[in-house]
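Engineer: Chain residues, written in single-letter form:
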Amino acid sequence: MSGFDFLTTRLETAIGWGRKFSLFHYPFITACCGMEYMSTACAHFDIDRFGAGLTRFSPRQADLLLVVGTITHKLAPVLKTVYDQMLEPKWVIAFGACTVSGGIYQNYAVLQGIDQVIPVDILIPGCPPRPEMVLDGLLKLQDKIQNQKQDWRWARKP
Amino acid sequence: MGPETLIEEIRTRLGPSVEAVSDSFGDPVILLRARDVRAAMAVLRETPFDYALLLDLTCVDFSASEGRFELVYHLYAMSRGVRLRIKASVPASDPAVETLVGLWKNAEWLEREVFDMFGVRFEGHPYLKRILMYEGFEGYPLRKSYPWRLGQPRIPLKDDV
Chain A
1 MSGFDFLTTR LETAIGWGRK FSLFHYPFIT ACCGMEYMST ACAHFDIDRF GAGLTRFSPR
61 QADLLLVVGT ITHKLAPVLK TVYDQMLEPK WVIAFGACTV SGGIYQNYAV LQGIDQVIPV
121 DILIPGCPPR PEMVLDGLLK LQDKIQNQKQ DWRWARKP
Chain B
1001 MGPETLIEEI RTRLGPSVEA VSDSFGDPVI LLRARDVRAA MAVLRETPFD YALLLDLTCV
1061 DFSASEGRFE LVYHLYAMSR GVRLRIKASV PASDPAVETL VGLWKNAEWL EREVFDMFGV
1121 RFEGHPYLKR ILMYEGFEGY PLRKSYPWRL GQPRIPLKDD V
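In order, the protein sequence lines correspond to chains A and B. Per the working numbering: the first sequence = residues 1 to 158. Per the working numbering: the second sequence = residues 1001 to 1161.
Just chain B, same shape as in the assembly (with noise of 0.2 Å):
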């Protein structure tokens, strides 16, 4: 499957989900309506597609200038050797997107590590908590709206007293 036979197959196959398609440095970037990602990745998982292994989930934040996070998957096929990314857009508002942990089991700790430094809801997740940030930590560190240089010590500080 060539990449421009593959691009018509995702068409055809995944409808209105698709809502564009461009190409990045040779490997094909599909962005997804983002309360349609589960069902598409279902698909893209199997054949003849193949997508068995999602290599990295992560997002950015637009939200000063275009008031959206932006999910990107990354997906790879090991019977053809090919990646594929993946964009879904999520309004800054209210960010939440369907969990994929039921499709690729190491989506847990990666959708919990979005929902850490970005405050991202994955519904349906069995255990949506923190993952690197410690208990009582406040706020979401790699949100743009977080505060410069803001730490939350868990002991008293010298400079504090």
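Bound conformation, chain A alone (with noise of 0.2 Å):
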């Protein structure tokens, strides 16, 4: 390993290691699964501890898009246009069974998963899923942006 293979390798450590702690999340909460976001994000349960406490309602600022709820196929194009406002590097957490894959819904209106519409990094099942789930979703996220090849603006390309 030459040395500056070496000095890359530490930065992306670096890198992913402000990235898992810094997540600014954009919650797009559409039904029951919002209550549960509440007290995931409020004091008892508290998301902050995690560094996930900075919520942000413009997806322009935000890093991790948490979706919560149902999606019906009337919002899913919504949902596209705020995921692709997203700058990168971003993340998507499916919070709840309708989110996963339609959940108890399975008609004419609602979208089964969202997987259909964005990509989705961590899929947290559940009808809604205790906040312990949620925070366990997160830590699993943190892992995967840590482990992750990190895109950085001066990594030389390919």
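Take the hints with a grain of salt, since some may be wrong.
[Said to hold, decoys possible] Dumping the calculated DSS-like pairs for lysine-lysine here, alpha-carbon to alpha-carbon at most 30 Å:
{"id": "1", "chain 1": "A", "residue 1": "Lys80", "chain 2": "B", "residue 2": "Lys1129"}
{"id": "2", "chain 1": "B", "residue 1": "Lys1158", "chain 2": "A", "residue 2": "Lys80"}
{"id": "3", "chain 1": "A", "residue 1": "Lys90", "chain 2": "B", "residue 2": "Lys1087"}
{"id": "4", "chain 1": "B", "residue 1": "Lys1158", "chain 2": "A", "residue 2": "Lys149"}
Just so you know, these hints were derived from the structure itself, not from any lab.
Fit chain to chain and form the complex, with the hints in mind.
Structural biologist: Here's what the structure looks like:
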């Protein structure tokens, strides 16, 4: 391993560490799972302990898209637009059974899982998931961010 | 006005428009001839009945078994604190009924919803467009003839490719 490679590897670790503890999330909340999101975000379970406490209400300022609640076919283009408006690097958590698979709804109106429309990093099932599950999902996302190849602006592109 | 006198009064005033009368958990149910719905409602809205509030308007699909849709109206008389249910059958081949928008303003959106979900035409409605489903949606999703689970996505889905 050359010295440069070593430096790059350490830099990637440092960037991953920085990114995983400063997730600005954008809550895309449409349904009852929002209650669980609220208790996760507020003082009892306190998502801020894991560095994801800063909620941004503009997708342009967010790293993490939390899709919370049923997404209908009517709403799907809106979700796609919100995702496209987020800047790289960005991650998506599907929060609750409806976003994972459509949940209890399989009819004319409901999208059968948001992965039909946008890429998803972490799927949290449950109807609704308990806050502990959400925090577990968040920790798994942090692992993923730490271990993934960091796409940083000054990296040499192949 | 007790329940018996109410029914009598309604029969007297509406005459042959009333096809049947029944009772559901203490509330009177009146089956009206579909083409008389508007005129009958105009009578029911005024004194002595005074049904000032249109609580709800919905539809039931009996098209497979009996070839008809049944419109269900719920009225409420605030002065007397009583409800009244009105039903009217329309043929499934051409479901249409006169609008109630001139009598109750909230009928506008309720009728649009029934139009959106069941395809019942409300004649004389000022703006009979879909209210819940999006533009480009085909068919009427709450009809029994609508294909089970058929979604109509607005953007391409991953599984379609």
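Engineer: Now look at each hint and say whether the structure bears it out.
Structural biologist: Hints, one by one, checked against the model:
no., hint, result
1, A/Lys80 - B/Lys1129, "26 Å, holds"
2, B/Lys1158 - A/Lys80, "13 Å, holds"
3, A/Lys90 - B/Lys1087, "54 Å, violated"
4, B/Lys1158 - A/Lys149, "25 Å, holds"
This entry does not satisfy hint 3, going by the numbered hints stated previously; all others are met.
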